[in-house]
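Letter by letter, the chains look like this.
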Amino acid sequence: MKYKVEPLKSWGKAKELRKAYFDNYVNARQSGGLRVCGSAWAFHALPYGLGEDIYWLTGEPYGAQVAFDKDANKQLQDVASNKGWAHDLCSYMRSYWGSIYADKWVFGGKWPTADFAFTNQICCSHSKWYQEVARSEKIPFKAIDVSSGAYEWIKGVDDPRITYIANQMAEAIEWMEKITGRKFDDENFIKHLKYEFRATSTWAKICELQKTIPAPLDEKAIFSLYSLATLNKADKSTAEYYDELYDEAADRAKRGIAAVGSERCRLISDTQPPWGFLKMFRYLEDFGAMSIGSLYTFGLQGIFEEKKDGTWGYRPTPMDKGIEINDRETALKLYAEWNAAKPEYQQFYDPNIKTRLMMHIIKEWKVDGVMLHLNRGCEGLSLGIMQNKDELSELGIKVMTYEGNMGDETEFDEDRVLARIDSFMELLGLEKIKKST
Amino acid sequence: MTQKEYWRWDEKCWKDESMDSSDTKIISVGIDIGSVSSEAVICLDGKFYASNTVRTGSNSPTSAKDALKPLLEHAEISYEAVDFIVGTGYGRVNIPFQDKAVTEIACHGRGANYMVGPSLRTILDMGGQDCKAIHIDERGKVTNFLMNDKCAAGTGRGMETIADLLKVPITEIGDRSFQINAPAEPISNVCVVFAKSEAMAMVKSGKTLNEVLASYCKAMADRVTQLLDRIGMEKEFFITGGISKNRGVTERIEENLGIKAVKPKDERLDAQTAGALGAALFGFVLASKKGSKKDTRKGQIL
Amino acid sequence: MISAGIDIGSKNIKVIILNGKKTIGEAIRTSGENQEKAVDETLALAVKNAKIDRSDIDKIAATGIGRKTFKNADYVITDVTAGGRGIFECNNSVRTGIEIGAEESKAIRVSQTGKVTDSAVNEKCAAGSGSFVESMARALGINVKLFAELALSSDATIPMNAQCAVFAESEVVSLIAQNTSQKDISKAVHDSIASRVSSMARRVKLEPKIAIFGGLAYNPGFVSAFKKNLEIEEIFIPEKPLFVDALGAALLAQEKTVED
Amino acid sequence: MGDGYLHGIKEDIAGDGLFDQFFEWYDDRNSYAKKWKERTGGKVVGSLCTYTPEEVLTAANCLTVRLLGFHEPQDVTEPYLFAMFCPFSRDTLAQGLKGKLDHLDGVVMAHSCLHLRQTYNVMKHKLPVEFAWYLPIPNNVKDKYAKEFMASEIERFKESVEEWREFKIDENRLEDAITLMDKNRHLLRTVYEYRKDDNPHLTGMEALAMVTASELVDKHDANREIEKILKYLPSRKIKTDSKVGSRLIVIGSEDDDMSFAHMVEHEDATVVIDEHCTGTRWFWKEIGPEHDNLSQERRIGDRYCSRPACPTKDYAMDDGTRLRFLHILKLCGDYNVDGALLIQQKFCDPHEGDMVPLKEFLSEHDIPSLQLEFDVTLPLGQFKTRVEAFLETIGEEDLF
Ligand SMILES: Nc1ncnc2c1ncn2[C@@H]1O[C@H](COP(=O)(O)OP(=O)(O)O)[C@@H](O)[C@H]1O
Ligand SMILES: Nc1ncnc2c1ncn2[C@@H]1O[C@H](COP(=O)(O)OP(=O)(O)O)[C@@H](O)[C@H]1O
Ligand code: SF4
Ligand code: SF4
Ligand code: SF4
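Residue numbers (numbering that gives the first Met the number 0), protein chains in the order written: chain R, 0 to 436; chain F, 0 to 301; chain H, 0 to 259; chain C, 0 to 399.
A hint or two may mislead.
Capping the alpha-carbon separation at 27 Å, the derived lysine-lysine pairs in BS3-like fashion look like this [what the hints assert, rightly or not]:
1. K227/H x K238/C
2. K242/C x K137/R
3. K70/H x K431/R
4. K154/R x K143/C
5. K397/R x K125/C
6. K204/H x K362/R
7. K242/C x K140/F
8. K431/R x K67/H
9. K227/H x K203/F
10. K238/C x K99/F
11. K238/C x K288/F
12. K206/F x K69/R
13. K204/H x K206/F
One-sided and incomplete, this derived list gives chain R residues near chain C with beta-carbon spacing under 7 Å [as the list claims (entries may be wrong)]:
14. G11
15. S80
16. N81
17. K82
18. L88
19. D144
20. Y150
21. D349
22. M385
Hints listed in this document are in silico derivations from the structure and should not be mistaken for laboratory results. Ideal placement from N, C-alpha and C gives every residue a C-beta, glycine not left out.
Required output: the full structure, derived from the provided sequences and hints.
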């Protein structure tokens, strides 16, 4: 082995936290708490105005959990098809609906219905998703429209595009009060908003540590770690966990501890991986190649900014900048603006922006090649991906594409993808490392 | 080339010897030009009398003639004596000597209703190039239907390709697919063409031919079951079309659904001819309503 | 150095034996049911043609879809890399190589130095490969070779709607029913497959010079339809289009040995 | 010599020639646009989606043309849009990539769905256009803040158009444009009123040609032509009364496929009303005169937010009702519809996302429906069987 490796100490805790999110959701009502469901991109902090006892179920990580269980995956996808839903719809969404129709919680037991659905919408599927959830579970539903343009087109916190989002949130507050009969407490909301700022900024900081050679984390691990923010980025435990993880990763970086001991070629991926086939990432390691992350895992929840010196890095939170947040209006504006900067939102508007962001990672994180997943399961994140491929190749970057689906294994052809990887490795001039000694 | 054609099935004329055409008021004919097979049925006063099945040739008019002419001879009925001809199947518009064209969906509905009785509600028609799930009412009128999509996986043609590939006569596939030791995993490739290579790979990896056949039948049954799942099952169901003769598929569908398909009341009736039968029955009704015997047919059978 | 390249395709197995850059033996055989045996036999045949002993071969590289089934290879190389290397050897001004085999088609972009820089393969649907032509010919009941040539004498443009290889067959049947001539049908089939292939190939940015190899390079109907589709006059076809991958593999076997 | 969008189908449909001009415009859309440019010195702007506020462009002396597909297999979009994007968005992009849209000076994406957005993104970078604008449109047009936001976006759009055209769009010009567009909407609506009659006076295909052509040509030209046909319509009959057969509504995503319309109406059936975007969704509802001191931008925005919404923009109200469905139900009643054809572009997520509840809704209200999935080209044979069988289920009592 080229580099020293050590297991990640905080790994076990991440697993526990992940399990706890799902368990707490199921048990929410035992203590009179509220179950809220919505997208991983939703404004998680907002419902906390209703109290501390808010338990989120976010659809995408749930869909990914289903994808890990091949039998359940097939069963639930089929149930959704039998209802008449088209096969090409977002596969997470189909698994989620399938779970409702089949009354099956993928971890065992019956499906836990939510008290209300609160999501945001940037992809065509977000609102359709929870509209159907609301129809089947007979619960109230609200979506916040966030597709008001790329961040660089927005002129500050007072741009009408930000006001629009903030206004909808203000409206959603009244709506939540009405449907739950609870009073909205700004202070509690702001407390959780700060957790969210902190968690999403720290996550970006953690990703920055991946610039180190050898990388302290690899993408396989990152998949599990970033998911905490997708589950609930406004929870105290997420913010605290990311602080702890940052310290550990920083320490590993300093001491030269690698995630993959044989690291000699650094790749990045793109979009959600085919969850049922994460072993393809392990396959890379046979060649000494590893994926250090992706714009997707970095920027789905991490908030970054393009710095004055032309580099790209974590965005300091409003608190870091000394901005006081004491009232609802300020909070909502900051909240809307912070989210508008989300890297994963930008690709919805222009593939050029995505290519530019990817180039930051490629250069500053010293990346040798890019694997683009033509993900049939998610039309949102595969938007513009072919253009990215073009633009990246034009810039002299080595790119491979492969077809698959994040949440429907029938659309993944393992042999063909491994063959694609083989020829990509040949292109990168890598051969399998013979397991000597 | 004298290569054996493994997809061949029996092409034969059949008639109900217990019936007599001499004092019939209305003789109606149904012709079903499918993508793979063409059938003709003669009804005497709305009763099934005789049928014939042939392979569909390169064009519809010829196929229609090939199906009907020998049948008329076999049944000893002259073409002029026929009161009404209804065409159906995908070649229905190109039958020159028909009085009316009706879709195969309606005809299979009506034909199945005749074969099974008024309690039948759900039909699965598995033919050469598509597969349909059909709901009917007590008269055999279609109330709802669903067709599979533009991919050939799960059709009779797909099965023929496999028969050819493995050199197993299509009529034996059903039986042989049960002569296995371990339960079959369905073939995973949906594409017929790629399923072929998967089947080859299975053979190469040491599976027996029967096991490969079982896998293919299972895959087809699974796909078809989905169609039924989607439209919903009402009461008993009946399978029509050529694949109804392939127990490798039909019994696996039954297994998937947990219920048995019903059989025709008269076991001599062939479910592959359900479409042509339905057409002939419609012909009977239309002829009775029309009253006069003179028809307006565009063509002659020659 | 003497090296052998073995290309284990879904339909055919091809072997080339090189002494340096000189081809001293070659052989082709259908894969059949017992692939392993077929590979051994093809190799033996090539060895015989080369008038050498099997033990004279220094290195063997396997490629093609069945490359992993051959246990005695010194190197296992994907058909993308082998194809790229092979076509570059045939003509070093080629920048895009398009290989259409029985069940797969792929496009390979090659740099000025002969390195593969990008590639694309067809989707999981058979409508863009050699077997498509074969089944169409079968539907018409004429042999593939004749079918392919027929296209050249037609200037009709009948769009084929069905993209599925199997349904296209029924479409052909109905074209026959409409008394469409065989040559027009052939043209329609080849136009449709050319369109499929070029759609796939465009993913790698088609840069001249473009080469076609693999089984379909023998199909003049396809080649002509493909040229027309891309609006190019000239397309390079190597002398032995079926052996390009095997050639590339044999060359890479030598080059890799030197590297090691 | 035309651009060929009709694929020669016109010979098949020759009637009294009343709608010929629309068919011609449909067929020769690109030549028309080029001539329009020469004639007026204006600019031509391609519009993706029906939410583009054409008023602004009209006031800026631009011809807005709806970008549509050609309905023929193509092989040029693969490098940009991979297989799971809807065939309509691919077919439309192919037009651009094949150089058929080189006369466009600008292209506007009024945000509806991701698929079309991707088409826009490619066009923006690959077509020789001077002007490209992504116009955010509220995702839920019934949201409390939608109209305000829409107005602010129209204002921003107007400013950018002004900057491009290098002149100010004054209030009078914009008001004229509003009046012109409204007149077109009003005229189309008037024609549609006739379709309620037992003999609907025009076929579905003619209506499709008329509306689509209105999306492609100068509204002055369109209006003149519609006024002309309105003189003849009251006494016009299509088919014989008995051949009108089943009265159908076509519901769904983008659909300007003439061969489909032709095939359906060839049977004993007539399309009498539609709910799609080369039909009512585009022209239903006028802006109307000034009122309540609202800004022009606000009035325009209000119209786009309150017209019948596309599934991308229509979500359940707090009580669960779907306004889109209620609107469809009303159309079915007003036009005395026997059955519904639900057409949907393959992979079209927004429409697929409405299909299941819509089918349930229709069946609760005893409206039989048939769902058909469109691809760039239609498997007409298969569709024919399905449509005929559907018609047999809603009619053909004769057979029993
Ligand atoms: N005796 C048989 N045993 C097994 N399979 C059969 C038999 N006869 C026909 N088939 C199957 O039925 C298919 C033809 O079905 P059919 O309903 O006649 O087609 P269509 O009406 O669409 O032409 C054939 O492709 C074959 O797979
Ligand atoms: N002489 C020929 N004329 C026309 N087509 C040919 C000829 N030889 C081979 N082909 C076509 O090439 C295909 C086989 O190509 P090949 O490259 O050997 O496939 P693979 O490498 O996948 O085994 C066949 O499907 C056939 O259509
Ligand atoms: S399609 Fe993708 S972006 Fe859209 S909801 Fe599904 S996972 Fe999210
Ligand atoms: S996957 Fe195969 S069977 Fe399906 S459409 Fe494609 S060629 Fe036909
Ligand atoms: S058909 Fe559907 S997916 Fe396609 S552009 Fe229209 S709304 Fe979008």
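### Hinted contact M385/R with chain C - closest CB pair below 7 Å
5 Å, holds
### Query
Is it true that the CA of K204/H sits at most 27 Å from the CA of K362/R?
24 Å, holds
### Message
Min Cβ distance, D144/R to chain C: is it shorter than 7 Å?
### Response
Constraint on D144/R satisfied, holds at 4 Å.
### Message
Just to be careful, I want the Cα atoms of K242/C and K137/R compared with a cutoff of 27 Å; is the pair within it?
### Response
45 Å, violated
### Task
Given the hint that K238/C pairs with K288/F, test it: the Cα-Cα distance must not exceed 27 Å.
With a Cα-Cα distance of about 25 Å, the restraint between K238/C and K288/F holds, given a limit of 27 Å.
### Message
Quick check on G11/R please, does its C-beta sit within 7 Å of some C-beta on chain C?
### Response
G11/R check fails; min Cβ-Cβ to chain C is 38 Å, beyond 7 Å.
#### Entry: Hint check, D349/R versus chain C [nearest Cβ-Cβ separation less than 7 Å]
6 Å, holds
### Message
The hint names Y150/R as touching chain C; please verify it with the least Cβ-Cβ distance against 7 Å.
### Response
For Y150/R, the interface hint is violated, since the closest Cβ of chain C sits about 13 Å away, which is over 7 Å.
### Message
Run the distance test for K204/H versus K206/F: straight-line Cα separation, threshold 27 Å.
### Response
Violated, at about 43 Å.
#### Entry: Satisfaction of hint between K125/C and K397/R, Cα-Cα up to 27 Å
Since the Cα atoms of K397/R and K125/C sit roughly 23 Å apart, the hinted pair holds (cutoff 27 Å).
### Query
Do the numbers back the hint for N81/R, that is, is its least Cβ distance to chain C under 7 Å?
11 Å, violated
### Message
Holds or violated: K154/R and K143/C, Cα atoms, limit 27 Å.
### Response
Status holds; Cα separation ~23 Å.
The structure fails to meet hints 1, 2, 9, 13, 14, 15, 16 and 20 from the earlier list, while all remaining hints are met.
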